[in-house]
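Visitor: Build the full structure now, drawing on both the sequences and the hints.
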Amino acid sequence: MRRRSRLGLAAGIALVFASARAEANPLDTFGFGSRGTAMGDAQAADASDFSANYYNPAGLVHAQRFEIAVGYFRAEHQLETNGRNNGVDPVAGLVGGLVLPGRVFGVPIAFGLGLHLPDDRLSRVRDLPQTQPRWELYDNRNQRLYLAANLAIAPWPWLEIGGGLSFMASTTGSLDITGEANLFNASQSQLRHQVDADLTAVRYPQLGARVWLGKRAALALVYRGQFALDLNLSARLYGDISHLTTAYYALKTASVDAFLPQQVVLGGSFLPIDRLKVDIDFTWVNWSAYVTPVANLDVTLAIPPPVGGWPAGISPPSVPAPAQVVPLKMSDRIVPHVGVEWLAYERGKFKGFVRAGYEYQKSPVAPQTGPTNYVDRDRHTAALGFGLRVDKPVAILSGDVRFDVHAQLSVLPDALTAKVDPADPVGDYVAGGLIWNLGATMLVGF
Amino acid sequence: MDKSARAIVVGSLLAGLLVRCATLAELAHGDENLPTAGVGPFRKLAGGEVRGVAPYVLDDESGDFREPAALPLTSGTTMDVALYFVAKDASGHDVILRTRSTDGRTFYGATQDFGHHPAQVLAADQGWEGADVAGPSALAVGSEVWLYYASNGSVGVAKSPDGLTFTKASAVPVLAADALGPITGPSVAFLPDGRFRMLFAQGDSIYEAASADGVSWQRLDADPTTPAMDPVLAPAPPQATLAPGEIPPFDTLRVADPCLLPRVTAAGRLQIRVLYTGFTAGDAAAPASAIGFAARYGDTGPLVRGPGAVYAVGKHENAPALFEWSLAAPDTSSDGGTPLVGSLLYVGQDQTSQGSIYSALAAGLAPPTATLPLPAAYPSGP
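Going down the list, the sequences are from chains A and B.
Quick note on our numbering: the first sequence kicks off at 38 and runs consecutively.
Quick note on our numbering: the second sequence kicks off at 3 and runs consecutively.
For the record, the hints were derived by calculation from the structure and aren't laboratory data.
Each hint should be verified, as a subset may be incorrect.
[Unchecked claim] Simulated DEER-style distance windows between Cβ atoms:
1. Leu272/B - Ala272/A: 42 to 52 Å
2. Gly345/A - Gly196/B: 55 to 65 Å
3. His31/B - Leu303/A: 44 to 54 Å
4. Val266/B - Thr406/A: 12 to 22 Å
5. Pro184/B - Pro342/A: 33 to 43 Å
No experiment lies behind these values; they were computed from the predicted model shown.
We put the beta carbon where it would ideally sit given N, CA and C, even for glycine.
Guide: Structure representation (structure tokens):
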């Protein structure tokens with residue numbers, strides 16, 4: 038046991054303080070692990086398995102044995118404007134993690150790792166004009182890898198404390214193009230491109246505490262820090278234009294690709310009767326700190342006219358006027374979550390669970406009646422899940438094996454966006470839709 | 003569990019993670035079928051999207067094609083569209099021709115459609131008309147096609163059972179020039195309640211008229227509180243100073259060539275959309291121009307202009323016409339790959355041949371991020 042504790046502690050310290058590259062966080066939207074997702078993500082005072090790496094790191098210390106979990110989920114969007122699907126990409130990938138409990142000087146501690154590894158991409162950056170409609174909370178922000186490393190300790194039997202870091206990556210890059218552009222025959226242009234991009238690590242903290250009020254109730258408080266994924270790109274073009282003149286074009290753009298607001302979760306978990314667990318969370322989300330995801334552009338363009346002026350039919354481009362950024366106004370929200378778990382079946386080494394959950398997030402985005410189009414709608418999310426737990430399924434396994442599945446449906450009721458300006462290029466629209474999330478998780482306790 | 007079993011489990015998981023890291027991402031989506039007012043901004047059609055030289059769809063140096071008007075042949079549920087436009091005939095007079103396309107881009111009688119020519123459907127032959135007819139505006143009225151046109155500063159109408167053979171409806175214009183000057187560029191459309199509405203250019207501004215039957219027209223005053231007949235759109239006042247990020251007006255000299263596009267928005271509001279040509283003060287002989295967008299909610303009143311040009315290529319683009327489509331399902335025919343919703347802008351703009359400049363019909367696409375599939379075959383007739 039002592040050897041395992043040292044191993045866990047060392048691994049935890051290494052992961053927390055090393056500048057490892059990782060990212061986050063689709064879990065706010067879709068949950069982490071099938072059990073938590075099926076229970077409406079009301080897990081702050083309940084999670085004690087690998088999912089505590091997200092819901093409340095303090096819960097890790099309640100694990101009874103080394104656990105490793107792996108699963109998969111896929112969330113399909115059917116988000117529509119004016120009755121047509123906007124094709125928002127699905128979010129899908131592996132979820133998993135581990136919990137390594139132990140003791141240091143007799144005090145229970147645990148180290149945990151949580152991971153969501155997307156199918157398609159580790160991260161995605163998009164920089165869209167502020168007037169272009171986009172599903173602000175679903176289009177780009179959830180397309181990223183999540184990794185969290187946490188430590189937890191139980192100084193007294195009634196108190197558990199945990200904390201750790203989640204990791205993100207911000208993006209910087211440059212594009213250089215030099216050579217000769219042939220205005221009259223583009224295929225004869227000789228251009229050289231050089232791309233240099235870098236992902237730099239960004240970390241944000243998460244802390245949690247859980248207080249046991251006897252064996253049938255617990256309260257929890259969780260804090261998750263905010264982060265902003267910066268996207269800084271520069272491009273430079275310099276070359277000869279058909280031996281007529283030269284051109285120099287330089288562009289620098291700085292924007293925030295994804296912003297996760299800080300959150301505070303107050304949760305409770307109760308056992309009103311032996312076979313029924315009820316979990317309730319309230320999550321305060323500091324959406325009002327949201328950073329407008331519009332690029333600040335710095336453009337330089339120098340194309341001196343050729344001797345004798347420009348040929349007929351050719352006119353030099355002009356520097357585009359910088360966009361006047363319209364701030365995105367968002368409001369803080371308190372998101373209620375509720376979940377229930379019923380021990381529906383128990384015989385020998387087998388236990389069967391039925392779970393259900395609900396959460397509601399009122400859209401934090403202000404009505405988009407002006408030139409911007411950050412589309413969002415209120416979201417009602419209902420979930421259902423089943424779990425099977427088998428204690429000591431085989432002789433060589435002293436722990437248990439758990440299989441959990443979930444189905445989650447989010448309904449975003451249709452609502453109208455009516456533009457004030459009749460000459461708005463987007464015009465009025467009705468937006469709404471559905472999000473389906475299906476998944477399964479298997480956990481093995483050793 | 004013994005050490006070897008645990009190592010197998012953990013090793014398998016790590017291997018799985020590494021395999022997933024090695025996959026390549028697909029192209030990102032999320033911007034399909036976005037809501038739009040359908041009126042730009044437009045980008046020029048690119049090579050590969052048209053047969054011939056992009057962005058031109060109809061190009062004839064001697065014909066000097068200009069002033070297009072689009073008539074959807076299936077209410078925009080397919081890409082079938084007829085185009086009426088002005089061309090010079092062999093005697094040098096302006097006449098109105100018709101052609102047709104099944105993909106909005108490949109027109110019967112285009113330059114590469116050897117041996118075919120757009121059909122002439124209208125020429126000046128009435129007493130009130132001068133030598134030329136211009137400014138066509140085609141409208142499907144029941145089973146007929148009505149073609150409004152400008153001639154000698156007034157507006158006439160001709161009717162056709164097939165869109166090819168027209169009979170002029172009366173021996174007098176349906177809207178005559180008055181003290182405000184000659185009328186050009188009429189554009190006629192139905193309001194959702196079935197009334198006719200016309201916009202036209204007069205002087206340096208755009209005015210409006212209404213009709214119940216499409217033949218008897220009454221002018222509408224955009225601001226009845228003033229004694230004068232007010233236009234729905236006048237040139238933008240020049241701005242000496244601009245706020246940061248503010249786009250300077252492009253239509254300070256004159257506004258003309260309205261293209262009237264009423265619709266009911268998703269909010270159930272009547273929106274009068276208008277594309278128009280805006281001319282910039284400057285070169286008096288050939289002032290720069292661009293295509294603008296203005297609109298209003300409701301039946302009457304002045305138009306509010308959009309923040310900038312929706313199509314500006316620096317080639318004296320003018321006289322916009324619009325073809326909007328809304329396909330029920332992805333087209334799996336030869337035109338597969340067309341966006342479900344989109345619009346094509348047709349304009350007259352400068353084309354150059356061996357040093358001479360003439361007008362040809364070019365096309366632009368909205369949404370500008372969309373890509374059109376390879377063009378269809380030429381239609382068998384106009």
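Visitor: Take the hints in turn and mark each one as holding or not.
Guide: Structure-based check of all given hints:
no., hint, result
1, Leu272/B - Ala272/A: 42 to 52 Å, "44 Å, holds"
2, Gly345/A - Gly196/B: 55 to 65 Å, "59 Å, holds"
3, His31/B - Leu303/A: 44 to 54 Å, "37 Å, violated"
4, Val266/B - Thr406/A: 12 to 22 Å, "18 Å, holds"
5, Pro184/B - Pro342/A: 33 to 43 Å, "39 Å, holds"
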